[in-house]
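To get the working numbering, take the position in the sequence shown, counting from 1, and add 148.
Any given hint could be a false lead.
Pair by pair, the computed Cβ-Cβ distance ranges are [said to hold, decoys possible]:
#1 Val173 <-> Gly302: 32 to 38 Å
#2 Glu208 <-> Ser331: 31 to 37 Å
#3 Asn151 <-> Gly225: 39 to 45 Å
#4 Arg218 <-> Thr186: 26 to 32 Å
#5 Gly172 <-> Tyr253: 45 to 51 Å
Think of the hints as simulated: they come from the structure by calculation, not from any bench.
A virtual CB, placed ideally from N, CA and C, is assigned to each residue, including glycine.
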Amino acid sequence: MENKDRIMECAKDLFYAKGYDAVGVQEIVDRAGITKPTLYYYFGSKLGLLKALLEEGLSEFRRMIQKVLRTEEGIQGTLYQFAAAYCAFFEKDRKYYMMFMALFYSARENEAYQAVKPYVMEFYDAAVQAFERASGQLGNMRGRQEQFAIGFIGTINNFLLLKYERGQSDPAREKISDEQVRSLVGQFMYGIFS
């Protein structure tokens with residue numbers, strides 16, 4: 149494994165386990181078996197390292213969400229694909245997903261929050277777009293697309309956060325099934341139409 153990749157992997161593990169603010173550069177370099185100048189050469193700073201970790205770790209998920217926005221399915225199919233993308237992101241690297249969520253729940257002036265916020269807003273905006281496109285199926289949105297997006301993303305994230313807690317002892321046992329994703333979307337859709 150190259151130094152850059154090893155640094156990123158060690159930082160991800162430490163940020164996941166302890167939180168961004170609790171981890172210092174020295175701890176990262178000690179874990180990676182490199183020197184501080186090596187970390188600074190690749191990333192410039194701890195924040196630069198975090199930004200690189202976010203960019204790399206979210207690139208595939210971002211492509212998946214953009215693909216969802218290009219589908220021509222109805223709202224239920226679009227929401228299914230949206231939820232499936234979140235679940236695939238979670239299943240690919242549960243620790244990374246949990247680190248991502250923890251960063252978003254950081255203090256608002258924290259540099260970690262500032263680094264993750266654009267991605268969270270990008271995913272939220274994508275959900276808003278999905279609901280706006282479905283206005284013909286859902287009636288006059290009158291601003292509800294934002295409420296629906298918040299509710300839908302919140303439903304997915306709470307499902308995944310609790311899934312993670314339950315799966316700590318045996319992640320294979322807690323694999324997310326297609327039926328669970330469809331049920332999650334169905335429950336949300338029921339709430340919209342009830």
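**Item:** Hints breached by this structure
**Value:** Numbers 2, 4, 5 - these are the hints that the structure violates, sorted from lowest upward.
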